[in-house]
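Using the hints, position chain B against chain A.
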Amino acid sequence: KAGVTQTPRYLIKTRGQQVTLSCSPISGHRSVSWYQQTPGQGLQFLFEYFSETQRNKGNFPGRFSGRQFSNSRSEMNVSTLELGDSALYLCASSWQAGDTQYFGPGTRLTVL
Amino acid sequence: ELKVEQNPLFLSMQEGKNYTIYCNYSTTSDRLYWYRQDPGKSLESLFVLLSNGAVKQEGRLMASLDTKARLSTLHITAAVHDLSATYFCAVDSGQGGGADGLTFGKGTHLIIQP
Numbered sequence: 429k430a431g432v433t434q435t436p437r438y439l440i441k442t443r444g445q446q447v448t449l450s451c452s453p454i455s456g457h458r459s460v461s462w463y464q465q466t467p468g469q470g471l472q473f474l475f476e477y478f479s480e481t482q483r484n485k486g487n488f489p490g491r492f493s494g495r496q497f498s499n500s501r502s503e504m505n506v507s508t509l510e511l512g513d514s515a516l517y518l519c520a521s522s523w524q525a526g527d528t529q530y531f532g533p534g535t536r537l538t539v540l
Numbered sequence: 004e005l006k007v008e009q010n011p012l013f014l015s016m017q018e019g020k021n022y023t024i025y026c027n028y029s030t031t032s033d034r035l036y037w038y039r040q041d042p043g044k045s046l047e048s049l050f051v052l053l054s055n056g057a058v059k060q061e062g063r064l065m066a067s068l069d070t071k072a073r074l075s076t077l078h079i080t081a082a083v084h085d086l087s088a089t090y091f092c093a094v095d096s097g098q099g100g101g102a103d104g105l106t107f108g109k110g111t112h113l114i115i116q117p
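Going down the list, the sequences are from chains A and B.
One gets this note's numbering by counting positions in the first sequence from 1 and adding 428 to each.
One gets this note's numbering by counting positions in the second sequence from 1 and adding 3 to each.
Next up, chain A with everything else stripped away, as it sits in the complex:
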């Protein structure tokens, strides 16, 4: 069974630009969560989607948004990038909310 996949794996952007990251969950998983990992703040929850609905959101500004499609694939978007948005963005999927989350390889975003 294929694991969680994320594209792209690496991304370099400049301040003020926007970026879209993609996540394909494990087949059959309907819950997708996104996390940001930085050396300073560690792993922080961004948001969780289930059946195309955002069910919860972490403490991040409105520049961070996401969506989920009917096939459970998810995208997250960051607008007006700031230097502090440089991070590893991890997507995790689970059968349903509350089940063990399985993480993808991540997208490393560098903002210059």
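If you're looking for bench data, these hints aren't it; they were derived computationally from the structure.
It is possible that part of the hints are untrue.
Unchecked claim - Pairs of lysine-lysine, DSS-like flavour, derived with a Cα cap of 27 Å:
| # | chain 1 | residue 1 | chain 2 | residue 2 |
| --- | --- | --- | --- | --- |
| 1 | B | Lys20 | B | Lys109 |
| 2 | B | Lys71 | B | Lys6 |
| 3 | A | Lys485 | A | Lys441 |
| 4 | B | Lys44 | B | Lys109 |
| 5 | B | Lys109 | B | Lys59 |
| 6 | B | Lys44 | B | Lys20 |
| 7 | B | Lys109 | A | Lys485 |
| 8 | A | Lys485 | B | Lys6 |
| 9 | B | Lys6 | B | Lys44 |
| 10 | A | Lys441 | B | Lys44 |
| 11 | B | Lys44 | A | Lys485 |
| 12 | B | Lys59 | B | Lys71 |
As the structure is a prediction and not an experimental result, all values here were calculated from the model.
Just chain B now, kept in the frame of chain A:
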């Protein structure tokens, strides 16, 4: 606000020794997870602990949960170099029907030296 604290944050130990990583959390939780992360890699699920007194073991790693003390431990027995990694505990408060996301500890960076 749920807080998760791990200690130690850094641990250097010799092969063959035993050690324990501690994870304290601040509010009632339905589930506690342990993950492993190798440098430059993603998180690998190790254990999920669902009830008070739960104990899970896989190879040289054993995890336990005391919900009354809000404490989980990850015990390493007779450490080997391959266990060098960063270990995270994460808590799901479960109060929002399981949709609250995981709150992670800062991780324990474990180095096992020959």
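For each hint, the structure was consulted:
Distance restraint check for Lys20/B and Lys109/B: the Cα-Cα separation of roughly 23 Å lies within the 27 Å cut-off, and the hinted pair is therefore satisfied. Proximity of Lys71/B to Lys6/B is assessed by CA-CA distance (about 16 Å); at most 27 Å being required, the pair is judged to hold. Between Lys485/A and Lys441/A, the direct Cα distance comes to roughly 24 Å. Compliance with the 27 Å bound is thereby established for this hinted pair. Of the pairs offered as hints, the one joining Lys44/B and Lys109/B holds, with about 16 Å between alpha carbons and a cut-off of 27 Å not exceeded.
About 22 Å separates the Cα atoms of Lys109/B and Lys59/B, which keeps this hinted pair within 27 Å; it holds. Restraint check for Lys44/B and Lys20/B: the C-alpha separation of about 26 Å stays at or below 27 Å, so the hint holds. For the given pair, Lys109/B sits about 20 Å from Lys485/A by alpha-carbon distance, which is consistent with the 27 Å threshold. Restraint check: the Cα-Cα separation between Lys485/A and Lys6/B comes to about 17 Å, which is no more than 27 Å; the hinted pair holds.
The suggested pairing of Lys6/B with Lys44/B holds, with an alpha-carbon distance near 25 Å, which does not exceed 27 Å. Distance restraint check for Lys441/A and Lys44/B: the Cα-Cα separation of roughly 22 Å lies within the 27 Å cut-off, and the hinted pair is therefore satisfied. Of the supplied pair hints, the one linking Lys44/B and Lys485/A holds, its CA atoms being roughly 25 Å apart against a limit of 27 Å. For the given pair, Lys59/B sits about 18 Å from Lys71/B by alpha-carbon distance, which is consistent with the 27 Å threshold.
The structure agrees with every numbered hint stated previously.
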